Amino acid sequence: MLSKFQLKKEGGSVCSNIVCFSNSFTVTLDPERNVYTCFMKSHRCYDLVPTSSKLVVFDTSLQVKKAFFALVSNGVRAAPLWDSKKQCFVGMLTITDFINILHRYYKSPLVQIYELEEHKIETWREVYLQDSFKPLVSISPNASLYDAVSSLLKHKIHRLPVIDPLTGNTLYILTHKRILKFLKLFISEMPKPAFLSQTLEDLNIGTFQNIAVVQSDTPLYTALGIFVDQRVSALPVVDDNGRVVDIYSKFDVINLAAEKTYNNLDITVTKALQHRSQYFEGVLTCQAHETLEAIINRLVEAEVHRLVMIDDHEVVKGIVSLSDVLQALVLTNGDNAKQETSMSKELSYLGVWKGKERFPKRLLF
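Take the sequence shown: its letters are residues 13 to 377, numbered as in the numbering used here.
Hints are computed from structural coordinates only; laboratory data are not their basis.
If you're wondering where the values come from, they're calculated on a predicted model, not measured in any experiment.
Treat the hints loosely; a few may be bogus.
No farther apart than 30 Å at their CA atoms in a straight line, the calculated lysine-lysine pairs in the DSS-like style are these [said to hold, decoys possible]:
hint : residue 1 : residue 2
1    : Lys66     : Lys166
2    : Lys53     : Lys193
3    : Lys168    : Lys262
4    : Lys146    : Lys168
Kindly produce the complete structure, drawing on both the sequences and the hints.
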């Protein structure tokens, strides 16, 4: 028996008509469980590269301060680093670097952070990396999205530059958010695995122990220290009863550069949050009894990186991040080749269209 459906790409036009044999998905027990793994293995990173995009690139000889101001003015969170001497990309400059610099060199509101004002990016990299040098983690546009997800999770990074191996040009920066959004475009057209209807509690998705939180009166410098030491991307702000009232993320820290208020880190987290550049609709939350499908929809529609898990009294119980969700969707049981064989043939056509060459608009500093 045949089932036929149409898939649409992001622009809305029909990509292709796919004919699926129903018995293709009955090779082993619950083969639909690996449908998203197959989907990711059947699509290239190039499929996510927009036909037009802006890419900010920094030369490592640029002053750190100017680089962070450029991130703010261009509305981006990270930029590839170009080494003119080596004639290649050598790393990424992210908000995490800004946090590390502030936390390492801050002394008091009366003492200017010389290292931020005067250091070049290459100087900071020499100091910060020292003997722990790590090469730039990147990926080819012809690599599969499965490889991209695996790389993001394996290296515990949030941004993965797509670099053309022939030209050495950076085409795009892949993120968890972009990959999940791409999957969501086609998710309704694929067989629905049973685990989508299971709860977060049943699937054990998220982090539930040693949740890093701060209170409203926590000094900003202390919050930055938690970012550095525990390598988390956001801190729920709780009241005396442990109920979530706000959230302070790494992205919020860049507002210190925008407002040029990074010389005083003795202010409270609440005071720092008053400098938010965007309208804040409130903390997005979830509960353990909600289904994975509901969580995916909420993350994609709200375009956020994580949800704070709470109980009925709004007390923080955990964090569910994009990486947690992608881990569950793509990598769980993802190496079972027998299950994937027949399904990959069907899914290899999903969403692959020939568009214009991708030429990102580059801003080189």
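Now for the hints, and whether the structure bears them out:
Distance hint between Lys66 and Lys166 is fulfilled; the C-alpha atoms sit about 27 Å from each other, no more than 30 Å. Taking the CA atoms of Lys53 and Lys193, the gap is about 16 Å. The hint holds against a cut of 30 Å. For a cut-off of 30 Å, the pair hint linking Lys168 to Lys262 stands: about 15 Å separates their Cα positions. Our distance criterion of 30 Å between C-alpha atoms is met by Lys146 and Lys168, whose separation comes to about 13 Å.
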